[in-house]
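Given the sequences, and given the hints that come with them, work out the whole structure.
There are 2 protein chains.
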Amino acid sequence: MTRYALHIQYLGTNYRGSQKQPQEKTIQDEIEKALCTLIKTKISTIFSGRTDALVSAYHQVLHFDTANHINKYKFINSMNGILPEDIRVFDVEIKDNNFHAQKSAKFRHYKYVIRNDIIKSPFDTNVFFCRYKLNEKRMNEALKYLLGEHDFSAFKSRSDNPAKVCKIYLAQAKRSADGKYIIIDIVGDRFLYNMVRTIVGTLLLIEKDNLEPLSMLNILKSKNRSNAGATADAIGLTLVHVGYDDCSDYLKQINT
Amino acid sequence: MTRYALHIQYLGTNYRGSQKQPQEKTIQDEIEKALCTLIKTKISTIFSGRTDALVSAYHQVLHFDTANHINKYKFINSMNGILPEDIRVFDVEIKDNNFHAQKSAKFRHYKYVIRNDIIKSPFDTNVFFCRYKLNEKRMNEALKYLLGEHDFSAFKSRSDNPAKVCKIYLAQAKRSADGKYIIIDIVGDRFLYNMVRTIVGTLLLIEKDNLEPLSMLNILKSKNRSNAGATADAIGLTLVHVGYDDCSDYLKQINT
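Chains U and P supply the protein sequences, listed in that same order.
Residue numbers are given in our numbering: position 171 of the first sequence equals residue 171, and the series is strictly consecutive.
Residue numbers are given in our numbering: position 150 of the second sequence equals residue 150, and the series is strictly consecutive.
Keep in mind that the hints were calculated from the coordinates and are not lab data.
Treat the hints with care, since some could be wrong.
Put simply, identical chains are the same to the list, so a pair is met inside one copy or across any two.
What the hints assert, rightly or not - Within a straight-line C-alpha distance of at most 30 Å, the following computed DSS-like cross-link-like pairs (lysine-lysine) qualify:
{"id": "1", "residue 1": "Lys174", "residue 2": "Lys252"}
{"id": "2", "residue 1": "Lys133", "residue 2": "Lys72"}
{"id": "3", "residue 1": "Lys42", "residue 2": "Lys111"}
{"id": "4", "residue 1": "Lys20", "residue 2": "Lys174"}
{"id": "5", "residue 1": "Lys74", "residue 2": "Lys221"}
{"id": "6", "residue 1": "Lys223", "residue 2": "Lys144"}
{"id": "7", "residue 1": "Lys72", "residue 2": "Lys221"}
{"id": "8", "residue 1": "Lys252", "residue 2": "Lys180"}
{"id": "9", "residue 1": "Lys42", "residue 2": "Lys221"}
{"id": "10", "residue 1": "Lys33", "residue 2": "Lys221"}
{"id": "11", "residue 1": "Lys120", "residue 2": "Lys42"}
{"id": "12", "residue 1": "Lys120", "residue 2": "Lys72"}
{"id": "13", "residue 1": "Lys223", "residue 2": "Lys25"}
{"id": "14", "residue 1": "Lys252", "residue 2": "Lys120"}
{"id": "15", "residue 1": "Lys106", "residue 2": "Lys137"}
{"id": "16", "residue 1": "Lys106", "residue 2": "Lys144"}
{"id": "17", "residue 1": "Lys174", "residue 2": "Lys42"}
{"id": "18", "residue 1": "Lys120", "residue 2": "Lys106"}
{"id": "19", "residue 1": "Lys72", "residue 2": "Lys208"}
{"id": "20", "residue 1": "Lys120", "residue 2": "Lys174"}
{"id": "21", "residue 1": "Lys20", "residue 2": "Lys120"}
{"id": "22", "residue 1": "Lys120", "residue 2": "Lys74"}
{"id": "23", "residue 1": "Lys252", "residue 2": "Lys40"}
{"id": "24", "residue 1": "Lys111", "residue 2": "Lys180"}
{"id": "25", "residue 1": "Lys221", "residue 2": "Lys103"}
{"id": "26", "residue 1": "Lys174", "residue 2": "Lys111"}
From a predicted model like this one, the values you see are computed outputs, not experimental measurements.
Here you go:
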C-alpha cells in the first residue's frame with residue numbers, strides 16, 4: 001500500500017462540513033465517492049482537521065492508502081471530472097507511511113472575512129456581513145493578546161478533547177485597501193472546536209459593546225466560555241492552508 | 001417630476017440580462033418591481049446600456065422620474081430590503097431633467113476575466129475558464145491595435161444600429177500577481193452589440209491558432225464579422241463602470 005496526500009480546495013456553502021456524517025452531504029463523502037469511482041475500491045480518507053458546515057478551504061489536506069499506482073496529472077484531471085465544481089483537487093503526492101494528514105500537520109492558517117460596509121456585495125462567496133463600523137486597530141490590538149501558548153478553554157464550544165493548549169503564531173486584523181472588508185488572519189499549531197469563530201465573535205462583542213481590547217486577555221485568562229462572545233457565523237471562515245513544516249517561512253511569505 | 005440616477009451592482013448569473021424581456025427574469029424587471037413596491041406606482045427605467053444574460057456589473061447606472069420625494073439613505077436601505085441579494089443599490093442622486101443614463105454616458109469600462117490555469121477555482125463567480133496557456137503579452141499587443149476611433153463592424157453580432165464607429169481609450173491584458181488569471185480591460189465611449197465578447201473571442205482565436213497579434217488590426221480593417229473569433233462566453237464579462245465625465249481622470253485612477 002502506498003500513502004498519498006491529496007490537496008484540495010472547496011467552497012463550503014453547499015456542504016454540511018468536511019467530515020462524513022450519516023445522511024448529510026459533506027466534502028469527505030464527495031472525495032471518497034470520487035476516489036471509489038476512480039480506484040474501483042472503497043477508500044477511507046483522513047483529513048487534516050474538520051471544517052464546519054458552510055466553511056470553505058483554499059487548501060485542505062487529506063491522506064489515503066491504495067495499492068493502485070496513481071499517475072499524478074491523469075489522477076487530478078479524472079478526480080476533477082468526477083467531483084462537483086465546488087470541490088477541486090489541485091495536487092496529489094506520495095508520502096511515507098508515517099505521514100498523517102492530521103497528526104503530522106505543524107500549523108493551520110484560518111482567515112475570517114467581514115464585509116464591513118452599509119451594503120452587501122453580490123460578488124462575495126464566503127464573507128460575513130456586518131453593517132456597523134468596526135475599528136480594525138482595536139481588533140488587531142485585542143488579537144495580539146492571543147499570541148503564544150495558552151489554554152483556550154474560553155473559546156471552545158465542546159469539551160470532548162482534554163487538551164486545551166494551543167500555540168498562536170499570528171493573529172491580526174486588517175482593513176482591505178478599498179476599506180470595505182476586515183480580514184482576520186490566525187495561524188496556530190492547532191485549534192479547538194469553533195475556536196476561530198469564537199475569537200471572531202469575541203472581537204465583534206468587544207466592538208459592539210465598546211469594551212477595552214484588553215478584555216480579550218481577561219476572557220482568555222478566565223478559561224470560561226461564557227465570558228467570550230457568541231460563535232461568529234461560519235460563512236466568513238476559510239481554512240487557508242495546512243502546513244507540514246515549521247511555519248516561519250510561511251509567515252514571512254504571507255506578511256509580504 | 002424629479003429625475004433620479006440609480007447606481008446599482010449585480011451578479012448576472014441568475015438573470016437573462018439587464019433589459020426587460022417578456023417572460024424572462026431580468027435585472028430591469030427586479031429594479032422596476034422594487035421601485036413600484038416602494039413608490040407605489042409603476043416606474044419605467046432607462047439603463048446606461050444592456051448587459052447580456054449572465055453578465056455582471058460592479059457599477060450600472062439607470063434613471064427614472066417620480067413626483068415622490070426620495071430620502072437617500074432610507075431609499076437605498078428599503079430597495080436593498082426588497083431586491084434579491086444578487087442585486088444591490090449603492091447610490092441614488094437627483095439629476096437635471098436633461099440627464100439620460102444612456103445618452104449622457106461618456107464612457108463604459110468592461111472587464112473580462114479568464115481563469116488560465118489547469119484547474120477551475122470554486123471561488124470564482126464571474127470568470128471564464130481556459131485551460132490552455134495564454135500569452136498575455138501577445139494579447140496585450142493585439143489589443144493595442146484597437147485604441148482610437150474605428151469602425152468596429154468586424155466585432156459586432158447584429159446590425160440593428162447603423163453607427164459602427166467607437167472610440168477606445170484603453171485596451172489591455174494583464175496576468176494577475178498569482179499567475180492564474182488574465183484580466184482584460186477595455187474602456188470606450190460606446191460598444192456595439194457583443195463587441196467586448198467578440199474582441200475577447202478574437203484574442204482567444206489568435207492565441208489558439210498562434211496568429212500574429214497584427215491579425216487583430218487586419219480583422220478590424222476588414223469590417224467583416226466572419227474574420228473575427230467566436231463570441232466569448234458571457235460568464236467572464238463584467239461592466240465595471242459607466243462614466244458621465246471625461247474619462248481621463250478615471251483612466252489615471254485605474255492605472256495606478
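For each hint, the structure was consulted:
1. Lys174 x Lys252: Close inside one copy (17 Å) and across copies (27 Å); limit 30 Å.
2. Lys133 x Lys72: For Lys133 and Lys72, only the inter-copy Cα distance (19 Å) is at most 30 Å; the intra-copy one is 48 Å.
3. Lys42 x Lys111: Close neither inside one copy (33 Å) nor across copies (45 Å); limit 30 Å.
4. Lys20 x Lys174: Close neither inside one copy (34 Å) nor across copies (41 Å); limit 30 Å.
5. Lys74 x Lys221: Answer is neither: 51 Å inside a copy and 44 Å across each miss the 30 Å cutoff.
6. Lys223 x Lys144: Within one copy only: 17 Å inside a chain, 63 Å across chains, cut-off 30 Å.
7. Lys72 x Lys221: Answer is neither; intra-copy 48 Å and inter-copy 47 Å both fail.
8. Lys252 x Lys180: both (25 Å within a copy, 22 Å between copies)
9. Lys42 x Lys221: Neither: 46 Å inside a copy, 60 Å across copies.
10. Lys33 x Lys221: neither (44 Å within a copy, 54 Å between copies)
11. Lys120 x Lys42: between (43 Å within a copy, 27 Å between copies)
12. Lys120 x Lys72: Cα proximity of Lys120 and Lys72: across copies only (17 Å, versus 41 Å in one copy).
13. Lys223 x Lys25: Result: close neither inside a copy nor across copies, 34 Å intra and 53 Å inter.
14. Lys252 x Lys120: between (32 Å within a copy, 28 Å between copies)
15. Lys106 x Lys137: within (29 Å within a copy, 40 Å between copies)
16. Lys106 x Lys144: within (21 Å within a copy, 49 Å between copies)
17. Lys174 x Lys42: neither (44 Å within a copy, 45 Å between copies)
18. Lys120 x Lys106: Cα proximity of Lys120 and Lys106: across copies only (28 Å, versus 36 Å in one copy).
19. Lys72 x Lys208: between (50 Å within a copy, 26 Å between copies)
20. Lys120 x Lys174: Close inside one copy (19 Å) and across copies (28 Å); limit 30 Å.
21. Lys20 x Lys120: between (32 Å within a copy, 25 Å between copies)
22. Lys120 x Lys74: between (40 Å within a copy, 16 Å between copies)
23. Lys252 x Lys40: neither (42 Å within a copy, 57 Å between copies)
24. Lys111 x Lys180: both (16 Å within a copy, 21 Å between copies)
25. Lys221 x Lys103: within (27 Å within a copy, 64 Å between copies)
26. Lys174 x Lys111: Both, since 11 Å and 27 Å are each at most 30 Å.
Of the numbered hints given earlier, the model fails hints 3, 4, 5, 7, 9, 10, 13, 17, 23; all others are met.
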